[in-house]
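Generate the whole structure from the sequences, applying the supplied hints.
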Amino acid sequence: MKKLLLSTALAALMAVPAFAQSDEPKLGGNMIVTYKDDVATLDPAIGYDWQNWSMIKSVFDGLMDYEPGTTVLRPGLAESHTLSDDGLTYTFNLRQGVKFHNGRAMTADDVVYSLNRVVNPATQSPGQGFFSMIEGFDAAAAGEADGLSGVTAPDANTVVIKLSRPDATFLHIMALNFSFVVPKEVVEAEGADFGKKPVGTGAFKLTEWSLGQRLTFEKNPDYWISGVPYLDSFTVEVGQEPIVALLRAQNGEVDIPGDGIPPAKFVEVMNDPEQAALVVEGGQLHTGYVTMNVTAAPFDKVEVRRAVNMAINKDRIVQVINGRAVPATQPLPPTMPGYTKDYAGYAYDPEAAKKLLADAGYADGFETELFVMNTDPNPRIAQAIQQDLKAIGIDAAIKSLAQANVIEAGGAGTAPMIWSGGMAWIADFPDPANFYGPILGCGGAVEGGWNWAKYCNEDLDAKAAEADSIVDPAKGDERLKMWSDIYMAVMEDAPWAPVFNEQRFTMKSARLGGDDALFVDPVSIPVNYDYVFIKE
Amino acid sequence: MPAYILRRLIQSALILLGVSFITFVLLYILPADPVRQIAGRSATAETVASIRSQLGLDKPFIVQYGTYLWNLLGGDLGRSYLQKTEVGALLVSRLPATLLLMVAAIFCELAIGLTLGMIAALYRGRPLDNVLMLGSFVSVSAPQFVVALLLLYVFAVKLGWFPIGGYGTFAHLVLPALTLGILGSGWYSRIMRSSMLDVLRADFIRTARAKGLNRTRVILAHALPNAILPIIAMVGIDIGMFMSGIVVVESVFGWPGIGQLAWQAIQRVDIPIIMGVTLVSAFAIVLGNLLADLIAPLIDPRIRLR
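Those protein sequence lines, which keep their order, are chains S and L.
So in UniProt numbering, spot 472 of the first sequence is number 472, and the numbers just go up one at a time.
So in UniProt numbering, spot 305 of the second sequence is number 305, and the numbers just go up one at a time.
In short, the hints are calculated from the structure, not lab data.
Bear in mind that the values here come from a model prediction, so they are computed numbers and not experimental data.
Every residue, glycine too, gets a C-beta built ideally from N, C-alpha and C.
Watch out, some of these pointers could steer you wrong.
Stated by the list, open to error - Cut-off 20 Å, straight-line C-alpha distance, at most; resulting in silico cross-link-like pairs (SDA-like, lysine to any residue):
| no. | chain 1 | residue 1 | chain 2 | residue 2 |
| --- | --- | --- | --- | --- |
| 1 | S | K26 | S | P68 |
| 2 | S | K196 | L | E86 |
| 3 | S | K197 | L | L9 |
| 4 | L | K158 | S | D272 |
| 5 | S | K301 | S | K26 |
| 6 | L | K158 | S | W50 |
| 7 | S | K475 | S | A360 |
| 8 | S | K197 | L | Y4 |
| 9 | L | K84 | S | W50 |
| 10 | L | K158 | S | Q275 |
| 11 | S | K197 | L | E86 |
Unchecked claim - Taking CB as the label site, the calculated pair distances span:
| no. | chain 1 | residue 1 | chain 2 | residue 2 | range |
| --- | --- | --- | --- | --- | --- |
| 12 | S | K481 | L | F21 | 32 to 40 Å |
| 13 | S | D272 | L | G160 | 14 to 22 Å |
| 14 | S | D477 | L | V92 | 56 to 64 Å |
| 15 | S | Q319 | L | G160 | 54 to 62 Å |
| 16 | L | A89 | S | K481 | 46 to 54 Å |
| 17 | S | R380 | L | F155 | 56 to 64 Å |
| 18 | S | T335 | L | P31 | 46 to 54 Å |
| 19 | L | F21 | S | N271 | 31 to 39 Å |
| 20 | L | T67 | S | A363 | 15 to 23 Å |
| 21 | L | Q54 | S | A465 | 27 to 35 Å |
| 22 | S | E79 | L | I29 | 53 to 61 Å |
| 23 | S | K390 | L | P60 | 43 to 51 Å |
Take a look at the structure:
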């Protein structure tokens, strides 16, 4: 019955887009978004969580950008760009007349400064590693050189970036927050406080930040894209429990509860047609998986890892979280380019799993540990996995710890199994390469790395490098096929058991307008602030 | 008296030093590396090492602790690892809210607890006494989160008398203060009841009655001031107990105080903030106890400070 009600609610929800899209954008108004946690920093070189990510996107811009609500690249501060025949030199032509919020014109030197800054070890940027394809990276990252030798500004409107190897992901990197352009004089004047007093070229400027209470962003009247943003301002209120935020949203005081609908309230909301009509569902570049440490018994045997893949009843786990996900078959989520559509993954088959275990010499099963982050719903998911494993004779003790402790155990390689929920992995940018290097490649399989399975297949690493060296857009499909093959090979080795791909459910107030895609924008969570509007 | 205060101040300083040392040790041995959190998931080993050295986290424990204390003496509580803001600024921005809530909550606690305790004592052994004492037991053992949400649901969502969470006006203060007040009042009503019963049995009350004073006068003018004495010491201790309640209540009501700050920092292992909040709480407890001890002799001249 519950399922029926839920599907009815979802059907009601599907009916919304045609209705919503018929609205013409209106100018003006203020929107309120709430969060439980404080906003950490709005410094684009440092901010690295989903909460500040989209605010930073509204305050700053990069050379490249994405079409709102999609993963399609479009020009940003660079009006156009060209690539040399060897695939190593990008020349970006900057837009004329772009101004920072302090009124100064943005120039090519600012781009050079911003890229050098993010790579400089003194900045302590978590995004430093993304720029490793740029010439001179090693010296700059080690603090031995004064900036990146590969980044130059021949004139005020041109930036030339030379790479040390061809890299198909480079333009995505230029659309990443870490590449956003900052004004040197303000950064130097504010020092470590720049993240609290950001100045960028974006659609909104920060006008108020009451620590622990709220942030107010006001429309930048000189924004270089004419006509946007539609809103006069938006306010981010912090320190509000998700359940209280939902009550306020139901009361019409809040436009978007930023932390989403609390798990305990999800079914109730979706069963109420009036409320369900305000929820937008969309895909998300996320996969939840179980890692198995391949460097130690019993998970050093591929049969054991495949057995675990076959033992987990993914459909039931999706039920445990009220259907807020779809079962996963492979590391990549379905919305990611390179996803292998016709691959069914390991079928749920406890009998076959038992046989595989017996073949590996574990006919009587074994004892192991499953690490999990201690916030709902992760412990409940771990319990479901524990029961499934028990059915084939694997006795997994659950270690439910704070996020930082699980990450530490995963990095140190002391966790035989980890349920990734709540920690990893949502893509930084929409390219299949982003699901490989740090979490499946040899580079991440080191002490402290995020490859918690410690899986290292050098052949696949070589193939990954080869795929990323294909920069010709005409050969894009060939590249995606290579990535698809790589992930299929990973599934053969089975260092992970992919479990589900989370769906996003954004609740919005009835007065908010804009295409539904904006509310489940794959690169702006919870919403693309620049393009939504107030209908009244 | 000055010698007594000086001795207590030295004691207090030593307690704070001890608290800072224990907290520092606990955070040092915690199996979670703050540098990994700062460095992010794509960081190379070199990046991690570079950040570790910039923050001085590669130094021996005693050097790190010494540096922290030295900076602390200069009023520098450090900079948050993840928010990149001065811990001092974060605390200063949140302290007024917590102090306001604390004062209002203690007022509610006393008003509710003392009244109920006094009534229970006067009706000792009768059904009303039993009901009140049962109520006090329920209030001290009720989960803060549940009570807070219940009050919020009834008085803010259903009745609409108060705003649903937030900060700024008197109306915002009522529900969080009342939650803490109701939860803490149980202790006060129990202490007040037994204290009042002791006093009512005392000789001077019998004398007052014998002199022909009416019942109300005896209770308000003679019994109450004497019964209230143990409560003063309790308020001092209560400030310490408050900290745990404040973390939950501030989170539910979106009250921007240091309890909420602490909770966020603990979840993200932001060590400088955790240290700062712990020291501020310890300071509040030490100060509360000191004030309670200093005020007691002003009310009861029989108490002498040595």
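Per the hint of 15 to 23 Å, is the separation of the Cβ atoms of T67(L) and A363(S) within bounds?
About 57 Å separates the Cβ atoms of T67(L) and A363(S), which means 15 to 23 Å is violated.
Looking only at beta-carbon atoms, does the pair A89(L), K481(S) fall within the given range of 46 to 54 Å?
At 53 Å between Cβs, range holds.
Beta-carbon spacing of R380(S) to F155(L) - inside the hinted bounds 56 to 64 Å or not
violated (32 Å)
Hint consistency between K84(L) and W50(S) [alpha-carbon to alpha-carbon, up to 20 Å]
holds (17 Å)
Within a Cα-Cα threshold of 20 Å, do K158(L) and Q275(S) meet the stated pairing?
holds (18 Å)
Next pair to validate is K158(L) with D272(S); report whether the Cα-Cα distance is within 20 Å.
Judged against 20 Å, a Cα distance of about 18 Å means the pair holds.
For a C-alpha distance cap of 20 Å, please report whether K26(S) and P68(S) respect it.
Between K26(S) and P68(S) the Cα gap is close to 17 Å, so the pair holds against 20 Å.
If you check the beta carbons of D477(S) and V92(L), does the distance land in 56 to 64 Å?
holds (57 Å)
Please work out if K475(S) and A360(S) have their alpha carbons no farther apart than 20 Å.
violated (42 Å)
If you draw a straight line from the CA of K158(L) to the CA of W50(S), is it 20 Å or shorter?
violated (33 Å)
K390(S) and P60(L), beta-carbon distance inside 43 to 51 Å?
holds (46 Å)
Range first: 46 to 54 Å. Now tell me if the beta carbons of T335(S) and P31(L) are that far apart.
violated (35 Å)
Checked against the numbered hints above, the structure violates hints 3, 5, 6, 7, 8, 12, 15, 17, 18, 19 and 20; every other hint is satisfied.
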